[in-house]
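Engineer: Residue numbers (numbering that gives the first Met the number 0), protein chains in the order written: chain A, 0 to 348; chain B, 0 to 348; chain C, 0 to 348; chain D, 0 to 348.
Check before you lean on any hint, since a few could be wrong.
Remember, identical chains collapse to one label, so a pair may be satisfied in a single copy or spanning two.
[What the hints assert, rightly or not] Mimicking EDC-like on lysine to aspartate or glutamate, the simulated pairs with C-alpha atoms at most 20 angstroms apart in a straight line are: (1) K31 - E21; (2) K148 - E158; (3) K31 - D66; (4) K31 - D43; (5) K69 - E202.
These are computed hints drawn from the structure, not numbers from a lab.
4 protein chains.
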Amino acid sequence: MVVVMAPGATDEDVANVVARVEAMGGEAFVSKGLSRTIIGLVGDVAAFHHLNLRTLRGVADVHRISDPYKLVSRQHHAERSTVRIGPAGRQVPIGPETCTLIAGPCAVESREQMLEAAQMSRSAGAGLLRGGAFMPRTSPYAFQGLGLKGLEILADVGEATGMPVVTEVVDARDVGVVAEYADLLQVGARNMGNTGLLQAVGEAGRPVLLKRGPSATLEEWLMAAEYVAQRGNLDIVLCERGIRTFETSYRNTLDLSAVPAVQATSHLPVVVDPSHAAGRQDLVVPLARASIAVGADGVMVDVHPFPDQALCDGPQALDGTALRELATAVRRLPPALGRRTGAPDRSPA
Amino acid sequence: MVVVMAPGATDEDVANVVARVEAMGGEAFVSKGLSRTIIGLVGDVAAFHHLNLRTLRGVADVHRISDPYKLVSRQHHAERSTVRIGPAGRQVPIGPETCTLIAGPCAVESREQMLEAAQMSRSAGAGLLRGGAFMPRTSPYAFQGLGLKGLEILADVGEATGMPVVTEVVDARDVGVVAEYADLLQVGARNMGNTGLLQAVGEAGRPVLLKRGPSATLEEWLMAAEYVAQRGNLDIVLCERGIRTFETSYRNTLDLSAVPAVQATSHLPVVVDPSHAAGRQDLVVPLARASIAVGADGVMVDVHPFPDQALCDGPQALDGTALRELATAVRRLPPALGRRTGAPDRSPA
Amino acid sequence: MVVVMAPGATDEDVANVVARVEAMGGEAFVSKGLSRTIIGLVGDVAAFHHLNLRTLRGVADVHRISDPYKLVSRQHHAERSTVRIGPAGRQVPIGPETCTLIAGPCAVESREQMLEAAQMSRSAGAGLLRGGAFMPRTSPYAFQGLGLKGLEILADVGEATGMPVVTEVVDARDVGVVAEYADLLQVGARNMGNTGLLQAVGEAGRPVLLKRGPSATLEEWLMAAEYVAQRGNLDIVLCERGIRTFETSYRNTLDLSAVPAVQATSHLPVVVDPSHAAGRQDLVVPLARASIAVGADGVMVDVHPFPDQALCDGPQALDGTALRELATAVRRLPPALGRRTGAPDRSPA
Amino acid sequence: MVVVMAPGATDEDVANVVARVEAMGGEAFVSKGLSRTIIGLVGDVAAFHHLNLRTLRGVADVHRISDPYKLVSRQHHAERSTVRIGPAGRQVPIGPETCTLIAGPCAVESREQMLEAAQMSRSAGAGLLRGGAFMPRTSPYAFQGLGLKGLEILADVGEATGMPVVTEVVDARDVGVVAEYADLLQVGARNMGNTGLLQAVGEAGRPVLLKRGPSATLEEWLMAAEYVAQRGNLDIVLCERGIRTFETSYRNTLDLSAVPAVQATSHLPVVVDPSHAAGRQDLVVPLARASIAVGADGVMVDVHPFPDQALCDGPQALDGTALRELATAVRRLPPALGRRTGAPDRSPA
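Can you build the whole structure from these sequences, using the hints too?
Structural biologist: Following this line, the structure appears as structure tokens:
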């Protein structure tokens, strides 16, 4: 931590800062410039926060130097992690050596729709199946999902087609039941700051897919992951899904810079969801290709056998034709970048 | 709803849209321009959403015309509402005729701190007392609040100083206990999209203070209020607390345009929290004055007897001197704008 | 300046930074923490920039400590400035003791329209008259202004109604001719980064009204003012006019926090333009009141005798009724805040 | 155009809108819903703007339906364009069949530096050489470029290494001299709204590289291109270079969704500049790969033989090692996506 004193700060003001830091057991190094004095603090940064240094007379600014997250940082865990999803023997990896396709409909609507979407996804190279049973909607009048029945369908279809399944949990009270059916628990973008939910999934004994909030900084996103990790669960996959900007031609602006930037600072794998970012089908395949090329550890897309009949987000769902185009990219690009496509482990159990 | 056809759309494409709308029981009015055809839809807008018109061949765009919220809209409830907080006989109003000051510390830290802050607040003209017991924090390592003990202190001090109290509830599972102690339940900015929590406070039998999410549009904010209202609770006070922008000189950018804009479209009262928006004390009093002048129905500020000892957000808390400056504005400005300062009802019970 | 070394930086890396700084004539103070080393730099900050310290091995980050602007900073010019507009003997002040109303139509359309708008403005308490002759438009197909003829009308009407005039200059090549007619040269929001224009108005011998760019940080805005100041012209009035955000209910989001924040760091006066920020008439009067209350040194509004016939920005122009409402605020609020309304000097010449 | 009437609009209000539209020679189609009436307008949209329909009694909103740009739209020019840069016989194409690498230092510093950077760039597969002579800087105290001498060096080195050159022009008064030396005139991000400059380059007889403003919508960007096109110059290459968001880990947030979205609506080629977007070297190669994969028609990167000695933007410049990594991507990815790397034409002149 660095304390920057105001130009008019007195020697007494500087001494006051130093005294408080030392009373907390820290060390304070004073550098006097011509117009400004700066004080470098060494010791327990968390404790320094309680000093409210910014409120002291003569203090102009306080800069934090080190990252506030610890468990998810690469600082003490330099190697990038691989998270393995699904039952032993047919786990699907998400990590630095693979690029895993996650596909399926936005919402589970019926067994038939789900099965058809799953078969399409599998043919395209998907390793994991997605589908929403509890739907977080902006409007209380929109389709809210099939709930428990949706979970059962999803799990059955995942079993039938050989793909572990991922689904969203929107309420801490539902974590138990969702964890019975899902292999990967998704925390959605609008719940990234719901700390009760983060703690509940941190204790559920399942890997977690944590979406970035639509206006979250990278640091806030990693702090949300830290909430999960702190409860003993380090099997976290981060998912970039677009941020809110002023542009209205697409729903959100996919932030692909976040992928290498987060991979540089955290050991957790990072996947990208171009479907929810774009909100329109014609951008999904180009953005999925870009996601693979930027180095994402996986890509998650919406798929629907009949987008015009979808109960949720039809305009962004890939149909068969678009999905085949994506399949080509999923086959060709990862090898060109030194990765393999993520699929169930073939190693002897 | 208006459907805009693409320049190359055929007569068949237009007929297809019309047929689907009519099959849903709606009417479709076709306007053929030189290069474009537009189709005006009349009927059940919610049903039209399920048509996924955007996915149909020849459709370029779909514009929604009417507001998606109903219960909180002024369309069928033209008069602006007043929400009354606290026990019968000494309720404090928040509505178009008053400008109510809500003050208190960010976090309840101890009985002494709370009592002192309450007395300062009351002297400054506050009608309601605030204080956090369950704290939503970005970092799992930050002070998380005193919990139940904090609620008890807050309620006692509110009772002792004659002010109804407002406190945040961060988890749907805590709504019951918080509602036992609090007169006004706050849903914080990062939980604006937590629909389970919105529904729970909608059923708790207490007025709700709903903060705007830091990147929420006005429409999304009102849809969150609609979630509360749909559960039968229309005693909702909206609170603008700053949005996230690129500017780093203050924590958030207070959006005062939102106050008259929301008041024009919703009947709910709107208050402003300049403390959390600014994150620095020197901006709080000017922004509080501006909030009153723009027509806010109330202002909520952080107050602490000793900001340098605060366990939470010390740098933004008003101390005694700044609070007295605010008190002057709270006394002078509302009358100059045709309002009175919000205080307990003096009407015979 | 503070250099933060990466966790794995070696002693050699630290020594390399120190050596480069010392070779530039600076001093480097090293503070060694448990996991990080920080180096405080003292000396010529501008020179340090050329060291590209961020590119050196072991350097994690470089924080600048002091403001990059000098001439417009309060650091060496603590007292806030007053800029005086217009010919000697009837100058209108913009500064900390007054709150000056600037009003007039977006565009000069005809002598009649201009005269009527000027009389309305004057009745409402305006001290300065605005009107556009060279119009910066997003579309090349929109009305581009009357040019020289518009300048003549504006100057004549200003003379006839006793108000100094302000008008925009959009091209460095036009600065000479505009300066012949205008008392205050406006640099528009989209030209805030047009350094050639900034330098040209800096040499024109007239006060400058510098609008904030729609996505400019406070620091960038002050750096643009520094470009003007560096050419010898310190008669600069800053104008906040809204920033671009994700909200679409109004054209831009007026950032009133900028007013006290800039006044704290720069000695230049700051006025606010709520008309261009909001883009809709119903928000202009509330936002103008808020601007006065937040401490703005002036307010600038669009006025048109017949908004439905305006050639530019009709939907945001105040008509007679709305203007009278504003006039009340301009009369009442400044005195309640210890200021007088800005009007021509009545001091003996 | 669609006019949406307010819920309380009267028949007279509707008739008034219709009458005004018809007086302008347009047609108005009225669709009456249960709670709202909408009016579809057919005819000369530009003329309708002058009606100020938004200011009329009973009008709630006005939606524009068609794009406001014409010359750069695909509507009347469906095929995507290829712009050819450089002297006849060795022109370098930028268009849908190629992916062209543009590389070079941010600023021309000396003949030696420029020559070395050019040779590095050429080895990496660059078809065009970049280098700044007139530098737009946020600070008046920063290096402003070598000016005319820089242009001479750039042109000489381009000639010597066989690459056409691109350089920025920051002032309309400099267009003539820059056009004598440069094959492609760059208009920088902060000048995207400088209409005088846009018109000047539109008349200069050289292709133009138009960067997107850091907070420009796609529509505003294309309107800026329309300003150039309207002066008779359709040889325009658009360049995405990042938008301003709240994220501070990188300088700007590269918006790769803009590439396919603009290509869908405009026939102009689109290239991407990941160096200025990221502002840090470690993100440049991943983002360049993503740019190619998303379908950009070219990529422009900063290159410097010794980034730690660069006079401008050293921290983002690729050194030899990073450039070789990029070269691999430039060789492999375009063919995997059905394109060839952009290089001088080998077709017989």
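Engineer: Starting from the hint list further up, note which numbers the structure goes against and sort them upward.
Structural biologist: none
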